[in-house]
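J.: Residues per chain are reported as follows:
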Amino acid sequence: MQVNMTVNGAEVSEEIEPRHLLVHFIRDQLGLTGTHWGCDTSNCGTCVVLIDGEPVKSCTQLAAMAGGHDVTTVEGLEVDGVLDPVQEGFMQCHGLQCGFCTPGMMLTARALLNADPNPSEDVIREAISGQICRCTGYSTIVRSIQWAANHETSVSLGSAS
Amino acid sequence: MQVPAPIEYERATSVEHAIALRSQLGDEARFIAGGHSLLPMMKLRLANPTHLIDINDLNELFYIREADSEVRIGAMARHRDLLDSELLARHFPIFRDAERVIADPTVRNRGTLGGSLCQADPSEDLSAVCTAVDASCVITSSDGQRVVPMHAFHVGPYETAVANNEMLTEIRIPLRPGGGSAYQKVERRAGDWAVVSAGAAVWMDAGIIVDGRVGLAAVGPNTTSIQPVAEALAGAAPNEDLYQRVGEIAAGNCSPETDGRGTAAYKAHLAAELTRRALRTAVARAQGQET
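Protein chains in written order, with the working numbering: chain A, -10 to 150; chain B, 8 to 298.
A portion of the hints provided could be inaccurate.
With a straight-line cut-off of 25 Å between C-alpha atoms, the simulated SDA-like cross-links for lysine to any residue are [claimed, not checked]: (1) 50(B) <-> 40(A); (2) 50(B) <-> 6(A); (3) 50(B) <-> 58(A); (4) 50(B) <-> 28(A); (5) 50(B) <-> 33(B); (6) 50(B) <-> 7(A); (7) 50(B) <-> 16(A).
Label-pair distances were calculated between CB atoms; the ranges are [stated by the list, open to error]: (8) 87(A) <-> 8(B): 13 to 23 Å; (9) 13(B) <-> 123(A): 27 to 37 Å; (10) 156(B) <-> 41(A): 33 to 43 Å.
Output of the computed footprint for chain A on chain B, the stretches with three or more beta carbons under 8 Å from beta carbons of chain A [to be verified]: (11) 11 to 25; (12) 38 to 44; (13) 57 to 65; (14) 103 to 112.
The set of hints was computed from the structure by calculation and includes no laboratory data. We put the CB at the ideal spot given by N, CA and C, even for glycine.
My request is simple: use the sequences and hints to build the entire structure.
T.: Structure, rendered in structure tokens:
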């Protein structure tokens, strides 16, 4: 079947098998390997992408279901060479070690900050509770998101899309 | 790598269209809402539909509203909508209690009330919630609608009263005076399935429980509705002796099994204790002592 959607602002139109999962469509068919594929059971959250601005676990969505929608992957955070404050925050505050959970963490953080520009630590921890990180103990991730909240600019995704 | 078996995909544009597709494609077709139960089951070949009918475009099923002394919830209302709804929090705080401990925020962005009820998993929380608050399910077909109470909606594990030419479209909860409700869940880790959950709702008048219900999850196939609990609560004055007795009735009317989440004896203990806690909070809320 044919599927049409917007990915990081660009229209894509691809022939897919209806059973194709969104995570594999993004990685294998579009070549956007920033979206990681982890537990495959909607537990770990590394496959999170934004669909119409909302974090969704792409291992548990069919690519066909995203048809007609606006998908943002981690590659879409940077705009014209300028990093999103969330990306900058993860660099400044050591928000990653191995980096496997990072794309899902950053996209979830971006969606959170679009909805709540000044989240408390509790709100941040709740927002990322669908994501598992086995390196950092979460403290540096929370700090990274707080850094981003304190350095928000008009570049952020919510205002761009 | 886990992928579903080959399927055909259709996208419904209205409730009528969805029901027409379902009627035409037969019992090997399934509706897909949030997909967070169905797709994992398809990956494991526990569900093997030949066709999926995507109902995520049915905007007419996303509401939560008050009408005719009922709270009416569209079948596509997502967990997140149930968690955020001030209307539900005001009338049935049990929903907020439960939604805080169902899966995680990202999963709650997709999963739906209708999908949860139609999954009919005995461990699923919202079935216990809907049982406690005396909800009914509106099932729609091309011939019209029928309204089925929760105890008749679940035919057995993973089986509902919804036929192949029908669709669950709405959940109705009667608004009655003096109501209070609460939910208690014990889980191994945040966002997990329940070891045991208990939901309770009471309706009070002049310090007496006029009507009360308890719904349990994860303690056997047919424990969402426990009639002896309702009988014990009706007309009773709320006190610790009553909670003690009703907890024992709840534990005695469930059939938990020993598994990785705990022994049958531990789960029976939880069924009793969580029933007591949920009832205690529900009564406090009905009396305006706690929100």
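J.: Three residues minimum, CB to CB under 8 Å: does the stretch 57 to 65 of chain B make the cut for coverage by chain A? Let me know.
T.: Answer holds; 3 residues pass the 8 Å Cβ test.
J.: Holds or violated: residue 50(B) with residue 40(A), Cα cutoff 25 Å?
T.: 22 Å, holds
J.: So does residue 87(A) sit 13 to 23 Å from residue 8(B), Cβ to Cβ?
T.: Since residue 87(A) and residue 8(B) have Cβ atoms about 21 Å apart, the given range 13 to 23 Å holds.
J.: Does the structure keep residue 50(B) and residue 16(A) at a Cα separation of 25 Å or less?
T.: Status holds; Cα separation ~19 Å.
J.: Go check the stretch 11 to 25 of chain B versus chain A for me, would you? Three or more residues, Cβ under 8 Å, otherwise it fails.
T.: Per the Cβ count (7), the hint holds.
J.: When you check the alpha-carbon spacing of residue 50(B) and residue 7(A), does it fall within 25 Å?
T.: Holds, at roughly 14 Å.
J.: Please work out if residue 50(B) and residue 58(A) have their alpha carbons no farther apart than 25 Å.
T.: Cα-Cα ~24 Å, so holds.
J.: Are at least 3 residues of the stretch 103 to 112 of chain B within less than 8 Å of chain A when you compare beta carbons?
T.: holds (count 3)
J.: Is the Cα-Cα distance between residue 50(B) and residue 28(A) 25 Å or less?
T.: Judged against 25 Å, a Cα distance of about 12 Å means the pair holds.
J.: Establish whether the coverage given for the stretch 38 to 44 of chain B by chain A is satisfied; the threshold is a Cβ-Cβ distance below 8 Å, and no fewer than three residues must meet it.
T.: Coverage by chain A holds for the stretch 38 to 44 of chain B (3 residues, Cβ < 8 Å).
J.: Quick one, are residue 50(B) and residue 33(B) close enough, alpha carbons at most 25 Å?
T.: 21 Å, holds
J.: Is residue 50(B) close enough to residue 6(A), meaning Cα to Cα at most 25 Å?
T.: Holds, at about 15 Å.
Figure legend: structure checked against the earlier numbered hints; every hint is met.
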